[in-house]
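Engineer: Put together the whole structure using the sequences plus the hints.
Residue numbers (my numbering), protein chains in the order written: chain C, 387 to 633; chain D, 387 to 633.
By construction, these hints were calculated from the structure, which means they are not laboratory data. Worth double-checking, as some hints may not be accurate.
Said to hold, decoys possible - With a Cα cut of at most 25 Å, we get these calculated PhoX-like pairs of lysine-lysine: (1) D:Lys-478 / D:Lys-464; (2) C:Lys-464 / D:Lys-478; (3) C:Lys-604 / C:Lys-562; (4) C:Lys-604 / C:Lys-615; (5) C:Lys-505 / C:Lys-390; (6) C:Lys-422 / C:Lys-505; (7) C:Lys-422 / C:Lys-478; (8) C:Lys-599 / C:Lys-615; (9) D:Lys-465 / C:Lys-505; (10) D:Lys-422 / D:Lys-465; (11) D:Lys-562 / D:Lys-604; (12) D:Lys-478 / C:Lys-505; (13) D:Lys-620 / D:Lys-505; (14) C:Lys-505 / C:Lys-620; (15) C:Lys-478 / D:Lys-505; (16) D:Lys-505 / C:Lys-465; (17) D:Lys-464 / C:Lys-505; (18) D:Lys-465 / D:Lys-505.
Take a look at the letters that make up each chain.
There are 2 protein chains.
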Amino acid sequence: MEWKNIRLLLSYDGNQYHGWQRQRGEVTIQGTIEEKLYMMLEERVRLVASGRTDAGVHALNQVSNFQTRSNIPPFAIKKGLNSLLPLDILVKAAEYVPMAFHARYDARSKTYEYRILNKEEPDIFRRHYSWHIRSPLDVATMRDCLSALVGGHDFSSFRSSGGKDGDPFRSVMEAKIHGPDDDLLRVVIEADGFLRHMVRNVVGTIVEVGLGKMEMSKFAEILRSRDRKMAGVKAPPQGLFLVNVNY
Amino acid sequence: MEWKNIRLLLSYDGNQYHGWQRQRGEVTIQGTIEEKLYMMLEERVRLVASGRTDAGVHALNQVSNFQTRSNIPPFAIKKGLNSLLPLDILVKAAEYVPMAFHARYDARSKTYEYRILNKEEPDIFRRHYSWHIRSPLDVATMRDCLSALVGGHDFSSFRSSGGKDGDPFRSVMEAKIHGPDDDLLRVVIEADGFLRHMVRNVVGTIVEVGLGKMEMSKFAEILRSRDRKMAGVKAPPQGLFLVNVNY
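Structural biologist: Here it is, written out as structure tokens:
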């Protein structure tokens with residue numbers, strides 16, 4: 387039987403998962419889908435994603451692919467997976483792609499969105515999908531900070547502490563804030579790649595600026611410093627969504 | 387020490403609870419709050435609510451009251467409860483009310499909202515807060531059904547099967563559908579009281595009409611019949627919200 391390459395478009399709620407990547411003894415997105423694929427295909431396959439998402443982080447549209455010798459057509463794989471998977475993981479599409487397609491290497495850019503709920507009272511119905519900031523934020527200044535990110539930069543200041551992602555240079559195509567809409571601010575960043583925790587470290591830092599705890603000039607200085615210890619707090623995972631992967 | 391009467395305005399996510407009412411061996415909203423009040427007040431109090439909500443049903447604004455001899459002021463009770471309660475129950479306000487105030491007996495009307503997500507694909511981020519209906523709904527006809535509910539009626543056809551709520555007569559002040567907004571329909575019903583499962587039975591039945599599985603004339607006939615066995619399916623609990631209680 388011939389090898390085929392199948393692309394999956396996935397949506398998942400990260401709250402109950404220890405991130406994308408399969409790990410022994412932890413419930414992960416990759417591990418859960420691979421297990422269901424094994425039940426259907428009776429063949430061990432290895433899922434590749436556009437990139438890992440951390441524990442508690444969500445995806446609206448994650449792209450993944452796997453190679454298989456099974457003849458089960460993609461529409462049946464989509465249907466079968468959706469009947470087997472828990473309700474917090476959804477296969478939105480499945481299709482054959484050329485054997486050369488690789489969900490990670492071929493991604494040209496990715497878009498992440500970070501949701502901040504900015505109102506005094508907590509909202510228990512949005513607590514799993516946003517970061518609640520009680521005090522009013524100066525959104526205009528936060529927008530100014532973000533525009534300093536656009537272009538190519540060494541993002542060492544915003545990488546995970548102890549992170550070794552290799553080359554810390556990334557190109558940001560877009561960095562905006564949409565809203566507030568129903569008290570929700572959506573920080574949208576598109577880049578050719580992201581260092582680990584980069585979005586959450588950027589958001590945590592601009593929130594400090596928005597709260598008046600940090601000067602805007604300090605933000606530009608942090609970016610230039612390439613020193614992880616200068617940035618603000620890391621925003622919590624439940625506000626972060628992988629929105630799109632572009633090929 | 388003198389007795390005081392304290393009113394609590396509550397919001398809760400019903401997904402993890404076996405409804406409002408305290409029950410041995412089950413985690414309920416009433417039981418959880420009473421337990422935290424005992425920790426704070428060192429006195430057993432009995433919470434009264436405007437009405438019970440069933441397992442899995444949510445509240446945006448539930449009204450409750452309890453009598454106590456404690457001198458802890460309401461603002462401190464609010465703050466203390468919010469620090470002790472799990473994140474899916476929120477005390478939005480606490481205040482002294484006259485001793486005669488009774489959250490259930492004094493309620494003049496209540497407003498419930500039922501959320502239907504009407505799109506082909508499921509939305510994993512709204513699955514806990516809506517009923518997903520894949521096929522397009524004829525919302526105009528559903529609206530016509532609802533307007534037949536306005537006024538005073540014997541709602542026996544829409545009570546819970548085996549329900550013994552006593553008098554089945556209720557007055558509906560408003561019955562509307564808002565939306566669709568972002569694929570969400572919100573069925574809003576205000577009445578002087580509700581029989582058990584009444585909103586969910588009404589919504590399940592108008593959804594059958596909206597799907598073309600039932601004629602609109604049948605809906606009026608069901609209401610007139612006062613026969614529980616004629617109505618459609620009961621809509622699932624996670625789409626239902628107690629929105630307001632009016633005094």
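Engineer: What hint numbers does the structure not satisfy?
Structural biologist: Per hint list: 2, 5, 6 and 18 violated.
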